[in-house]
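Asker: Chains as they are written, first to last, in numbering that gives the first Met the number 0: chain A, 0 to 160; chain B, 0 to 162.
Rather than coming from a laboratory, the hints here were simulated on the basis of the structure.
No residue lacks a Cβ here, since even glycine has one placed at the ideal position from N, Cα and C.
Wrong hints could be hidden among the right ones.
Partner residues aside, some chain A positions facing chain B, computed with beta carbon under 8 Å [unchecked claim]:
id, residue
1, Pro28
2, Ser32
3, Val36
4, Leu46
5, Gly56
6, Phe116
7, Thr144
8, Arg154
Stretch-level coverage of chain B by chain A, calculated; a stretch enters the list once three of its residues show a Cβ under 8 Å from a Cβ in chain A [as the list claims (entries may be wrong)]:
id, segment
9, 59 to 71
10, 108 to 115
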Amino acid sequence: MMSLFDALVHWSSTSAPIVFVRDSRYGMPAVQSVHLVGITVFLAAILLLDLRLAGVGMTDWSLPWLERQLKPWAIGAATLVILSGILIFLGTPSKYLASNPFRFKMAVLCLAILFHFGVLRRFATSEAGSRPRRGDVVVAGISLTLWFLVGWAGRAIAFVP
Amino acid sequence: MSLFGWCQWLEHSTLALAISESTWLFPLIEGSHILALPLSVGMIVILDLRLLGLAFRDDPASRVMHEALRWSKIGFAVMFVTGALLFMTQAGKAYGNAFFRAKLMFLLMLGINAVVYQAIFYPKMAQWDAAGRPPVGARLCAGLSLIVWIGVIVCGRTMAYQF
Numbered sequence: 000m001m002s003l004f005d006a007l008v009h010w011s012s013t014s015a016p017i018v019f020v021r022d023s024r025y026g027m028p029a030v031q032s033v034h035l036v037g038i039t040v041f042l043a044a045i046l047l048l049d050l051r052l053a054g055v056g057m058t059d060w061s062l063p064w065l066e067r068q069l070k071p072w073a074i075g076a077a078t079l080v081i082l083s084g085i086l087i088f089l090g091t092p093s094k095y096l097a098s099n100p101f102r103f104k105m106a107v108l109c110l111a112i113l114f115h116f117g118v119l120r121r122f123a124t125s126e127a128g129s130r131p132r133r134g135d136v137v138v139a140g141i142s143l144t145l146w147f148l149v150g151w152a153g154r155a156i157a158f159v160p
Numbered sequence: 000m001s002l003f004g005w006c007q008w009l010e011h012s013t014l015a016l017a018i019s020e021s022t023w024l025f026p027l028i029e030g031s032h033i034l035a036l037p038l039s040v041g042m043i044v045i046l047d048l049r050l051l052g053l054a055f056r057d058d059p060a061s062r063v064m065h066e067a068l069r070w071s072k073i074g075f076a077v078m079f080v081t082g083a084l085l086f087m088t089q090a091g092k093a094y095g096n097a098f099f100r101a102k103l104m105f106l107l108m109l110g111i112n113a114v115v116y117q118a119i120f121y122p123k124m125a126q127w128d129a130a131g132r133p134p135v136g137a138r139l140c141a142g143l144s145l146i147v148w149i150g151v152i153v154c155g156r157t158m159a160y161q162f
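In isolation and in its complexed conformation, chain A is listed as follows (with noise of 0.2 Å):
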């Protein structure tokens, strides 16, 4: 299993495109750039739910309407954020598989989209008003935790090993 991962991997890191993305001047500025824009958009959409979910904010606004308005965009900007994720990952992948934030990064991601589908999902699609709020704020603070959580742990792969 793992040897087919490492083929699949080397073969697509080696291909024309991923090269050139890699080795042109602007290559990867550009690719990084929609990862940014795609986390902007992904993570603004995961804060206004969480902060409408804790009650903190836009309280003029149903929880299931909110999430169905940002439902779109959330994964239009998700989609744009693990599609330019695969290519800087495929340019250098002996890099990130030894980088120990990158490891972190995974995993803390497996784990945000683990408590989104499985808990998250179930408290937003559902009115706020019908359950003690306690949990509401602390389901609220568990997804903003993960979720910049992994963008801190990106962050740290250009600054630790």
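Start from chain A and add chain B according to the hints.
Answerer: Only chain B this time, still in chain A's reference frame:
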């Protein structure tokens, strides 16, 4: 003193040297600058999408504006402070950098754009507040804002590759 001379002086000031020589201070400030993007630019994107008639259509534009601007003020405060500190540490290099200059020009454009919106479209907002699709002028302002903010992010990210 020339502007470039001032930038070089700034780069060698005690505060700037303390930040660049510290192992954790620079990453912390840079990370805060980048992770304040969703709270600052991200909120403006939400507002722009509403003004373009692309999102939050069944809610009054003024309410989306109120919520988005409320949060973005906190985000932009973080952006300005961290951005100023980051600039200090690399002022000499930033001075001649094309992407940094473009970023500043874009920010100036966005400031003018925001003033134009506040002066011309905001006072009449009550007339079209509930409309899913605001008037063409307001949509133009929002479209310009969206594109130029993306330009700011692209320039900011790209200039980091040149230092």
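Asker: So, for every hint listed, does it hold in this structure?
Answerer: Evaluated hints:
no., hint, result
1, Pro28, "holds (4 Å)"
2, Ser32, "holds (4 Å)"
3, Val36, "holds (5 Å)"
4, Leu46, "holds (5 Å)"
5, Gly56, "holds (6 Å)"
6, Phe116, "violated (20 Å)"
7, Thr144, "violated (12 Å)"
8, Arg154, "holds (4 Å)"
9, 59 to 71, "holds (count 4)"
10, 108 to 115, "violated (count 0)"
Of the numbered hints given earlier, the model fails hints 6, 7, 10; all others are met.
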